[in-house]
Structure formats: C-alpha cells, structure tokens
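Novice: As a plain string of letters, each chain reads:
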Amino acid sequence: MTVLGKFWSKQTIIAAISAATLALSGCAASNALNEEDGAAADSSDTVKVGVLHSLSGTMAISEVSLRDAELMAIEEINEAGGVLGKQIEPIVEDGASDWPTFAEKAKKLLQKDEVAAVFGGWTSASRKAMLPVFEQNNGLLWYPVQYEGMESSPNIFYTGATTNQQIVPSVTWLLENKGKSFFLIGSDYVFPRTANKEIKAQLEAEGGTLVGEEYTPLGHTDYGTLISKIKAEKPEVIYNTLNGDSNVAFFKQLKDAGITADDVTVLSVSIAEEEIRGIGTDILTGHYAAWNYFQTTDTPENEKFVAAYKEAYGDDRVTGDSIEAAYMAVYLWAAAAEKAGSFDVDAVKEAAGGIEFNAPGGKVTIDGDNQHTYKTVRVGEIQADGQFKEVWNSGEPVKPDPYLETYPWAEGLN
Amino acid sequence: MQPILSCRDVRVSFNGFQALQGVNLDVLPQEVRFLIGPNGAGKTTLLDVVCGKTKASDGEVLYRQTENIRKLQEHEIVHLGITRKFQAPSIFANLTVWENLELSLKQKRGLWSVMRAKMTGEDKGKMEAMLLRIGLMEQRHNLAGMLAHGQKQWLEIGMQLMQNPEILLLDEPIAGMSETERHKTGELIHEISETCSVLIVEHDMEFVRNFSKQVTVMHEGKVLCEGTMSEIQQNEQVAEVYLGRRESAC
Amino acid sequence: MDKKKLGYWLFFIALFLGPLYLTEFRLALMGKFLCFAIVALGICLIWGYTGILSLGHGVYFGLGAYCTAMYLKLEAANGQLPDFMEWSGVSALPAFWVPFSNPIFAIGASLLIPALIAAILGFLTFKNRIKGVYFSLISQAVVVVFVTLFVAKQDWTGGTNGLTNFTTFLGFSLASPLVQIALYMMTVIILGASFALAAALTNSRVGRVLSAVRDGENRVRFLGFNPTSYKVFVYSLSAALAGLAGTLFVLQVGLISPAMMGIIPSIEMVLWAAVGGRHSLIGAILGAVIVNSAKSFFSEAYPDIWSIFLGLLFIIVVMFLPNGIVGAFESWNEKREKAKRKGGTADAADSVVS
Amino acid sequence: MAVVITQLFNGISLGSILLLIALGLAITFGLMNVINMAHGEFIMAGAYTTYVVQQAFSHYVPAALFNYYYIVAIPLSFLIGALLGFVLEKTLIRFLYHRPLDSLLATWGVSLILQQVARSIFGAPNVAVTAPAWLDSGLTIAGAVLPYKRLFIIALVTICMVTLYLYLDKTAAGRKMRAVTMNRSMASSLGVSTKKVDATAFAIGSGLAGIAGCALTVLGPIGSTIGTYYIVDAFMIVILGGIGSLIGTVFGALSVGMLGTVAEFWSGASMAKVIVFVAIIAFLQFKPAGLLSARTRSLE
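Chains as they are written, first to last, in the working numbering: chain A, 1 to 414; chain B, 415 to 664; chain C, 665 to 1018; chain D, 1019 to 1318.
Don't read these hints as lab results, they were simulated from the structure.
Predicted model only: the values in this text are computed from it and were never measured.
Beta carbons are placed, not taken as given, at the ideal position from N, Cα and C, and that holds for glycine.
Chain B stretches covered by chain C per the calculated footprint, using a threshold of three residues with CB under 8 Å from any CB of chain C:
#1 512-520
#2 525-532
Computed far set for chain A versus chain D, every beta-carbon distance over 12 Å:
#3 77
#4 154
#5 176
#6 207
#7 210
#8 265
#9 299
#10 339
#11 398
#12 403
Whole structure, please, built from the sequences with the hints as guidance.
Specialist: Encoded structure:
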C-alpha cells in the first residue's frame, strides 16, 4: 500500500466525506435561499417584499389563502404602475408551521434579500417568533390576522382586528340581543385564554354573568363531557374561541346533544367562510361569528375583490376576514411608501399614520400611535349557503386599542 | 459435608401449570451432579429457579444452608458465585472474544466501579490463561458471533469460569458438539469440579454414563430418585418413566 | 496520533472555522444543526449502543431550552415580570422561576433537570423490565404529558407561544453578530467535547456493558451486572446532552415553544441518528446536519414534497441502509478492500482516487 | 341525575370510540407484535372513503337514497383499510417482523407519506361529511340525551368485537391466525402458511381502522391529520389492556374512557389528558404486563 493509501484509511475518508457533505449540504440549503439573488442585479426598477406564510404543515390550511391574497394585491398594484414607479417583486417563503422557521426565514428576508417589507404570519406564536428579528434588524412586518392584543411593536403593522375591534363589541351585542349568561369555551392556547380574561372583565362591568369557562387541548375531538357541562349550566350564550379541527367536533356533537341555535347562541371568532365549508353548513346554520369583513359585505370594493379573487384562484374559493386583511396590508404599505416617497423603513413608519384605504370591508385607517388599523366591526349569522348575513355592524371604523386602555373595566388586566 | 445448595419443596407454576411440584435437592461442594429426566420433567425450570430467571412460587433455595436466594435478582445470585450457562450459546455476538471475557472477569460490577475499572496485568494474565484453556487464543480479536457453534459453547463456559463460581449450572453443554469436543468438555467439567460444584442438565446418556458420579432423575416436576448411574439404571420406576423408553437409543 | 483521531480533529476544526467561510445567515443555520447534532449523539448512545429507542427526546431538549430561556426572559424583563405573565394575569413571579435569574443555576438546571426526569422515568421502567417498543411507546406518552402541561400552564410557560424575545445573555446582546459567532464556536466546542465524551464512554468497559445490554439484556444479568443502573445512566446522560443542546439552541435561535418538544420533532431526532448510522457517533452528527440541510432545502424549494421525502427517508434507511450512511460507506469500503486484496496493489491507487 | 347519566354514557361512548380505534391495533400490535404507526392513517383513509361515498351518492344516486350512503361506506371503508394494510404488509412489514423498532420507524414514514397524499388529493382543509338523517337527534332518558350517533358507535364496536371473536374462535382461518400468533414455528411446521395468515391478520386489523375512520366522520373532523389525534392513545390502550388480549383491550379502552370523562368533568380537558396518560404510565410500572395478559411475561 502506498503512503497515500495508508493515509486515506477508512476513518479519514469518513471524516473527509463528512466535511465535504457538510459543506455541500450547507451550500445546498443556502443556494436555495439565494435563488432570488440573480434578480437583485436589476434592483433599480423593482422593490422586493417578502411573503412569509406556512405553505406546508398544519397551518398551511389557513395561510395559503393569505399568500394568494397578498400576491394578488401585488399584481394589481404592479399593473397599476407599481409603487414609486417601481414594480413590486415578491419573495415567497415557507414558514412550514414551525416557529423557529418563521424566525429563520424572516432573518433571511431582511438580511439577504433586504426586502422593504414582509407580509406574513398567522399564529401568535409565529408572530412572537418573528418579532425580535424585525426589531433587531429594523424590518417591517405586516401581520394580517385578528389576535389577542397586548402588543404594539414599532416594527409591526397589525391589519387584523385587536380585541376591541372584534371581541369587545360582539360581547356587548350579545348582552344586548341574546342573553346575559355566558359560557366560554376555547382551545388551550394564548388567544382564547387572553380573550376570555378580557370577556370576563367585560361581563362583570356590563352586567353579564359567567357560568362556565373551559379549555380543550389543540386537536381535541371528544366534546361529550364539555357539552354535558354546558347542559348543566344552561347558558344563553356560548362564546367560542376554539381553533381549527376542534370546531368541527364541537359543533357536530353540540347538535347531536340536541342543542340548536334556537336554544343557545354560539358566537365564534375563528370561523370564517373557509372554515364553514370544512365543518358543514347544516350544523352551523343560525350560529354567529364576529369579524370585520364577510364575503357578503356590501361595498363596491368587495364586489371587485371577490370577483378578482375567484377569477385568479378558482370559482370554488371563498374569501374571508384574514384574506381581506392580508390583501389590504399590501395596499396600505404601498400607500405609505408613496406618501413617504421612499421605501426606507423609518420613513414608511413615519408616513403610515393616518393613511386611509377603501378596503373591501370598508374604509380603514392606520393608527399612527399603535400601528393597528381602524376597522368596522361586524356580526354575521351563518346561512345555509355557507355565507354570512350581517346582523349588526359598528357603523363606523373602531379605533384600535390593543391594551384596552379606554375601557375602565380592563384596568386590572395588564 | 454440608451441602452448598439445597432446594426445599420448590414449587413453580405457570398460569396454573405446575412445572415444579415440590423439588428437594442437595448439592455438595465440588460435586458434579447430573439432572436427567424426560422432556417436561422440570430440569431446566429448576436451573432457572436456582439462577433467578424464574421465581419459585413456594419453597426455599438455600445457598450454604443459610441464605435463601429465592427472591434475589439474577445479578445478585451471580455475585454469590452461582453462574449459569444456557442451552443456546448466550455470548455477545457483536463483541470480540476478548471483550466477552473482559465482561466476565470477576470484578465489582456496579456502574461506578466499572467506570473506573482498568485492565490490570493480572486480569490480562487470567484472560490469556482462559483463552488457552478454551482454545480460542487465535480468535481472541474476532467477533464472538463469527465463531463456530462448538467454539461459542466453549467461550460461554470460559466466561462462566472467569468468574470463579462456587456453583456452575450447565444446560446441555455438549449439544451440537462433535465427539472429540464432547470428550474434551467432559474432562473440562471434571477439572472444574476441583474448585466448584457443577449441576448439569443433560440428555445424552452416553455422556452421563461416562462422566457422572451422582445422578438425579426428575419426572413431572418432582425428584424421582438419586444415585449413581448404575443404581439408577436398576431402578424400576426410572426404567418405566424414562430409561425404558430410551433403552434402545442408549 | 492515529489517523482516525486526525480525521476527527480535521472535521471539528473545519466546523470551528465555519465563520471564515459561511455567511452570517448560513452560520446561524449551521449553529442550529450542530445543536441538533448534540441531541443525535445522545440518541446514538442510547439507541445504537444500548438498544433503547426513545421517542421522547424532544421533552429533554425542550426542558433544557426552557431552563435557559427562563433565565434569558428574566434578564430581558429587567427585574420586572416577564411580559407574557403580565397579560396572563400573574401578579408575582412564581417561586420556581426565581432561581432561574441566576445564569449558572439556569444552565446547570438545563442539564440536570432533563437528566433527573430521565433518571426517574428510566429507573421505574427499566427496573420493571419494560423495554423495546413498550418503552418507546411509553416515552411517547411522556411527550404528550409534557406538551399538554406546557401548553396548558400558559401563565408559567408562555403557552403555545413559548418563550421568546430575549435581549441579552450575560449582558451581551444576542443580536450582535459577534456574539452569534462566539455562540457558534461554543457550540462546536461543546459538540466536540460531547463527541469525545461519548467516544470515550463507548470505548470503555462501560461501553461494552452497554453493547452487551443491547445484544442480550438477560445474559448481562447472568454475568452479574444489573442492567438497570447502566441503562438509567446512559439514558440520563443522553437526556442531559439533549438538554445541553436545548440551551445552545435557545441561545442561537432565540425561541423555544412546546411545538419543538412534541412527538414529531422527537421522532425526527431519531431519524437524524438513523440516517447517519445508528451505531456511529460521527454518523449521528452527520445525520443531523444532512437531514436538516435537506429539510431546509426541500421545504424551501418544494414545500409539499418535504413530508413525502421525509417519509421515504425513514423507509429507505430502515429497509436498505439499516446502518445509515456511515454503515453503507463502511460496507462499501470493506468490499473495496477485499477486492483490492484479491486484485493486488496495481489498481489500488486508482480506487483511492476515484 | 341527568348529568350523572350523561357522564356515565359519555364515559362509555368515549371508551367505545377508543376501543374502535384500538381494536385494529389489538390485532396488528397485540397479536402480531407489529408496531404500525400508519394505523392512524388507515383511520384517515376510512374517513375519506366515507366522504367519497357521500359525494358519489349526492351526484349519482337519487336523493331519496342519499341517507343510505353510510351503509355502503362502512364495508367500503373496511375494504380500503384492509387493502392498504395488505399492501403495507406485503411491501414493508413482512421484512421487519424481527425488527420491531425498525418497523415503528418505517411505518412512521409511511404515515407521513399517506398524509401528504391525502392532502394532495383532497386538499389541505377539512372536508365535511353530512351524517345520515337517521343518526340525527337522540334518545332521551331521564332528561339526558343519548345521541344516536354515539349509540350507533357503541353498537358498531360491539358488532366488530363479536364478529372478530367469532372469526378468531369459530372459523378455521381464525384458529390458524391464533395458532400463528401463539407459536409461529409450531404452526408453520404443522403446515399453516404463516405468510398468508400474517397478511390476512394485518389486513383485518387495518380494515378495522378503516371502519373506525368511517365511524369518526359522524363525530369529528375529516382531514389529513385526524389519524395523529388518536394514534398514541390507541397504542397506550393496547399496552394497558395487555398484549395479546382482546378482552384486555376492551377493559383498557373503557377504563381510559371513564377516567378521561370523569377527570375532564372535574378538572378540564387538558388536565384530563395529562391525568389519563400519567395514570397509564404509573399503572404500567406496577403491572408491566397490563390489565390482562395472554402471556406470562409479555414485556420481555
């Protein structure tokens, strides 16, 4: 055997191959991340933005539609001439329903692609994971989903509702129209627990009574026991913050137990048009949901929006609150950039306050103080065709108040 | 002479089946005792009880007349000096012959002691002597799984001997061995008995005849009779249940 | 120094010098993968060497990460109540949080708490001689218990959001690239040290007892060893490694949530060791890096295909590469050497080059 | 009073659902000792089969007959589950009978693939199945409503149990199956084709998962991940009941169902889940062989 042959013993070869694979695999991963780099050369006439949602994993069910709406808005703006004379170039990333991945991809979008803004996220967990990344890199995140409030990052714009634009008015509406005794059910995670804490304070202040509060683990599918608790307490209203699949099991089993919309009013805050289809309209008919937008909302902008969305993605697709919020987020950012005359994050943030936009769900305005938006609140009744019939709205856009500072009863909450 | 191992009315039942129905047996120091009997007589079960693999439902197993080992765990029984060789070779196939012997060294087997253990010259000497004795010196760096069947049996016997046992339990040690290997094994057993007692389960009557002094016959979970091979052969009861049927085979 | 050692040294030096040839972003990824490699080392010890398949290592990883995250959260809160507790309606810091304001306690706990829990679980199950798939399934049940608890006790753990939004570690800003490079290098050093420790263990007499336990636990008893204590030891050690990896993970990634200690991440951890080669420590490290790189690549380029690819990977490794990449390489190498011995030395040099 | 009756009923109902899910595993895992992590995906396949049958009925069958789709869906779900199981056994499992830990990992891979395949075919969102009208509403006893759907599942699982028992005990094929699971080499030397028996047993176990999936559509969501909600529970029930004992599985499922509903009633669903799993783990420490075990030392 030659000296060389001796040197290349089994183990050294393993180690060498290891090192090589290591380098290669690292490159493979980073090449994929770099694939947009080629386009960076002609950055003079385009501006890059990130679109970061879960395209795989459990959350893909909900988030894919948001990506679709954002890409549609980008295309519309580009067709109308772009922003500040530049075409918007979206860079789509997959958060994979995994919170560290959201943070990782956000970092990539900001550091590598140097995007002007990122539209993304759904779960609070993903937003919380991205928040430090945006703050440390001074990026701009547009988060389009209703959430539990108690947050106001200078680097995030919130185009979904905070609690006083969805939960608080809907509780008041229920107290005035449906009954005083409330049973709160929710999935066991952050949004329901925070929302219910606020509802309890509000009930106390506005003369309602709390007869029960229950949480079930995510993915829970047997509601027999919970329903017998509901039966024992005989509430007039069930306020539902269950998430995803649990809604299906809950509503099916509620109906089987002989409880219909005539006996108890169930108001949900996470069931939109898309979810109705997975649960089945027959068991949901007559129950309520509170949102800022329904596919049936009667505005000229919405007519155009729904038609365009179906045109782009198929007749069988439905829109919904978060989809609309994602769509308008792109327009709001574009308007803010136009006003600022620049894509610079600080300039856009500065200019954003007071920006108005006629969204499909009605006029929205960015609140310069907390970076949320003024939105009209709506309560709808689910119809047999899977659409909502609006039964109440707030009449005018409600000022966002993520910390519920203007509500005396909320004082002890934070 | 005081018996080193005494079984007193040992009973074992498996889901209602009485495998041992009150066995009494005494083994003297440095005795070679053969256990014979038809299939299902409870020979292997008795070895299992002595080594702790099977727990007796009743009775006593006394070591040196005083210590009842019936409820001890297997490794605790080994610590007393009772070791067992199984019927199928139970060596560690993915370790080398040398490593198999290393684990068998008489040593403190607690985690902490083993962690600090170092291979001393004395240990090495002992292991090399054993390799010579069992004829596996050349194969010492081979994986034990690669050995021939007979060699595996020898390795396992070697592993038991490394522990300097007081009592050695052997279950059909010559199964699958060639004629010369059998003879060698028989001689080895007698060599061993100079330092310890040996309790052997064996089916091969010729082997028993050639190498036994005391034989115990078991039948249906009980001891039928005891004595030398020639005494046994004259016992009519034995002939009836066992030898009678096997006469032609022997 | 023999060649084997030289090879390993080269490997770890190459990793250590990562900051020289990797961009900041890629370095962060690699740092994360190397944390996973530490977990894979622990899995290799218990599974490859001792034959215990744990489907619950996500819990130990998570516990370690939470311990350190609690310290980071308290440091970020700067003497006040952590933000999530405030909006969960907690008025005072729970007593069990208090000691975690000390970084030494927190990091110590990130090793010891997983080890302790593993020891308790291991002692009970191993003493009762529950093993094989039964142990694996029970370890999965333990995951369910911990994940459900961590999600439900939102006011103590941050619920599904987990703990995030940290600022400093020992006063150094976690956002600073220099700190991240230092953390990366620390990860490489700790990985190297864990590797050395694991290698020393497997080459010692204890290591041979562990292999013997894998091949025949009952036979080990008849050599006078009590397998329970050995299994409990190696299982706890492996849990401590996972906890340590969790600490390094949370420092670099800045986030831990119950989703990362669930059943799916726990099984993926086993896959890392399986792909690299369950009997090989270096294989475990390679497996963790390769699988996760592939995950980054695939989930990026073809998000839908990732889970099919992952599924196929499980099947292929089990059916065709039971000893993983390193095992496949070794058997290829053996064949090659046999052929070489037969074919003489003339073409030996060629085959080395090719 | 009504609450007590309802809760008792809920316990039995939850137990019956768990039993239906675990019954297939009691065969593939309990009798054959194969860890099939894709069992949950066979449940999913049964659920989607029901969905497809319903779609077909609403398109091609007169509306008057729509309510009978469920009668067709049950046997079809069994067949689809059995077919998947048969294919899995022939292509994968049979190579892994002696490597249980490896079969666990490989079938986990299969489960990932099946989930993705289902997403590709049916889309990521849940699909809706309308339960047949004859299962609507329920029986009222002393003020407690016992939904027909839950009663139906109790009946279904009873029928499955009895059929299975008769098959294993009274038919030649079933006796062969038991012979193989008790002593493989002995059965084989007596001329039983173990390969055939293995494949049949695995197919039956998987078919039962298909039925479970069909039954679950009336109570819960139908999506690509439904199998994952049940798989850990199902394995724990089989272990709890005792490997190799069908009756043990029944007791296991019922005690978990009862404990789960009682614990949920007193504390809440999350804590109930924790309590149930801790109780199972603790119980196995005292009785590693489970409630009833067909073998003396089955955990060896």
